[in-house]
Amino acid sequence: MPFNCHNDYKMKFSLDDEFPDLSQHNNHMAKVLTKEIYGKLRSKSTPSGFTLDDVIQTGVDNPGHPFIMTVGCVAGDEESYEVFKDLLDPVISDRHGGYKPTDKHKTDLNFENLKGGDDLDPNYVLSSRVRTGRSIKGFTLPPHNSRGERRGIEKLSIEALASLEGEFKGKYYPLEGMSDAEQEQLIADHFLFDKPVSPLLTCAGMARDWPDGRGIWHNDNKTFLVWVNEEDHLRVISMQKGGNMKEVFRRFCVGLQKIEEIFKKHNHGFMWNEHLGYILTCPSNLGTGLRGGVHVKLPKLSTHPKFEEILTRLRLQKRGTGGVDTASVGGVFDISNADRLGSSEVEQVQLVVDGVKLMVEMEKKLEKGESIDGMIPAQK
Amino acid sequence: MLESPNYLFEALPQQTIFCSYLYSAEYPDLRKHNNCMASHLTPAIYSKLCDKATPNGYMLDQAIQTGVDNPGHPFIKTVGMVAGDEESYEVFADLLDPVIKERHNGYDPTTMKHPTDLDSSKIQSGHFDERYVLSSRVRTGRSIRGLSLPPACTRAERREVERVVVDALAGLKGDLSGRYYSLTQMTEKEQQQLIDDHFLFDKPVSPLLTCAGMARDWPDARGIWHNNEKTFLIWINEEDHTRVISMERGGNMRRVFERFCRGLKEVERLIQERGWEFMWNERLGYILTCPSNLGTGLRAGVHVKLPLLSKDARFSKILDNLRLQKRGTGGVDTAAVGGVFDISNLDRLGHSEVQLVQTVIDGVNYLIECEKRLERGQDIKVPPPLKQFK
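Taken in order, these protein sequences are the chains called A and B. Mapping of the first sequence onto the UniProt record's numbering: residues 1 to 380, in sequence order. Mapping of the second sequence onto the UniProt record's numbering: residues 1 to 390, in sequence order.
Chain A extracted, bound-state conformation:
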């Protein structure tokens, strides 16, 4: 079968004629991709046929924002991170605080290593959540996978999740054919995900064939949720109202490990290596792929001139309560870890727990009209 013949055909054209115009662009890919690198990598493709242009298309199509630096490239399969390392290593380094090609990433899903986290003030911390992604070895990733692969991932996932018991007993809802009642309930629970509209995702081909092979699984308690075939093969989410991040993280670790065992038994463990940790579609999610966060009321602190600096020093980021690229409502912010690669799950959740605890204390001080100058933390 003439599989890569499109890339072979493209090689007829000169480097100058194929090199993208990135003069208006502000994303990690555009900052790194020189003509030399493009020239070196343009003839290559991964064994499944993913090419350099496939990797960078989203970054070419989305020049970016003067203030927000997007990644501008994606992986189509596990091998992309090897075959296109001349581009992806510097992108990873820029995105992940100087992470080097020789660095090793530590994975620690032992929830007992987390200190505290069970006492965040629920008057301020409205909800707690930890999410990550997992990719299933042997399948290509959402920018590239075929319908057959996507269905294969779904089928494997359904069988794995169906075998869970106890606090993890639950049900799968395929997006295709969901009843109106089910749909409304999932929306009310804030579980339902939509077809991606962000051009960052659609230009990378992740919305193809929607909603085929996509669905949502959650446990009966509605505290553990898995998205199948959205931006990654699996997105795994543990959540609950209130501030008991310790419990959220325990359930997260236990659930993930149970799921991983089942996939391993079918010779389809998760994509992982000791340099990049868990392999996901977007280079920004490498390492732990973990975003642990809270919805927390910080109306006074959020208007304090040092708010941004405090967040940076605590290695935290803020988002609106609708998630990435949304605004905060009523002084309630989504506060989560900024790092993904180069520190472990326990370390990242520890930063959230410690940092949020400190910020709630600052908020209380500001409520009393007191200064927080003495509480500004050192850079973590």
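Bear in mind the hints are in silico, worked out from the structure with no lab data behind them. Possibly wrong hints are sitting among the right ones.
[Said to hold, decoys possible] If the Cβ cut is set under 7 Å, some of the chain A residues that face chain B in the computed set are: (1) His6; (2) Glu18; (3) Ser146.
Heads up, the beta-carbon is just placed ideally off N, CA and C, and yes, glycines get one too.
With chain A's structure known, arrange chain B on it following the hints.
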């Protein structure tokens, strides 16, 4: 203890190859779909074509992606697939031929020939009553043979299309002489002028186009050329390699079509001088990205005031029988404003340019007559349907 899912997963090589799955695992779910591709893509045709590629490497899943991603509308049947290059129409003929036949009212590309006729002197009458017709316009598309089409073209190919066409257009003279405005380099002032003239095209937002990959690398190698008189306009690398438009205010469709034909022939001569030609064959006429635009690729139309007729219950039937379609004055998928409609030919393939423009002229004259009769309180008749293919 879980049974292993099925042999399919155990047999998977570590390196998954695109079409080594059972074809049924890859066949799209089209049960909720209403488009021409979905109506004709059987599992048998899918399995026959799914591992074929055109010489440039374009494959079936790419051609049908837009139709899989856009299930369609119960009332409006979209085509649901595109061509990535000229050879797509051969390599995927088992699917494209029935799609073409359905879309083009029974035109059978396996047996019939398409007539091309750009001799504008054959047009009869063609100067409309300007109390009703506000503007007249004829558009078509042309593709440059040897370069892939917008769903599949590489950046280098797209830039080559731009170079070839802009170079040729620089050779136009007299009332056709003009200039090119590249989307990447136009100044704000030029941009505003093009918007005011209603010439500027935007990055496509319709998922019908974006899912087919036509907006990739925007705005690289896209641009607009128009003559100084602003009556002859060419879009470069939007939905097709080129879209060619002749237009003017008022009802002189005859002159609009004359300029259209003359301009097209001149552009063709200029690219031929440089060793290029348009994609055309006698089975399908001019080859364009969307199968709906094969043949002439021609849409000739007017903006016409029909406030009374448009409210008459027979309006749709009259249009149907005259082989005309209505759109709002913003173009496809827009609503009419102030009783002013965009009326144009329905057909593209199996009739020549001259025939289609004559159909529009005769039809619009009939519509104006109806409007006048209704103004006078007289009744109107639904005309007999125009002859179609046997």
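Okay, the hints, checked on the actual structure:
no.	hint	in the structure
1	His6	3 Å, holds
2	Glu18	5 Å, holds
3	Ser146	6 Å, holds
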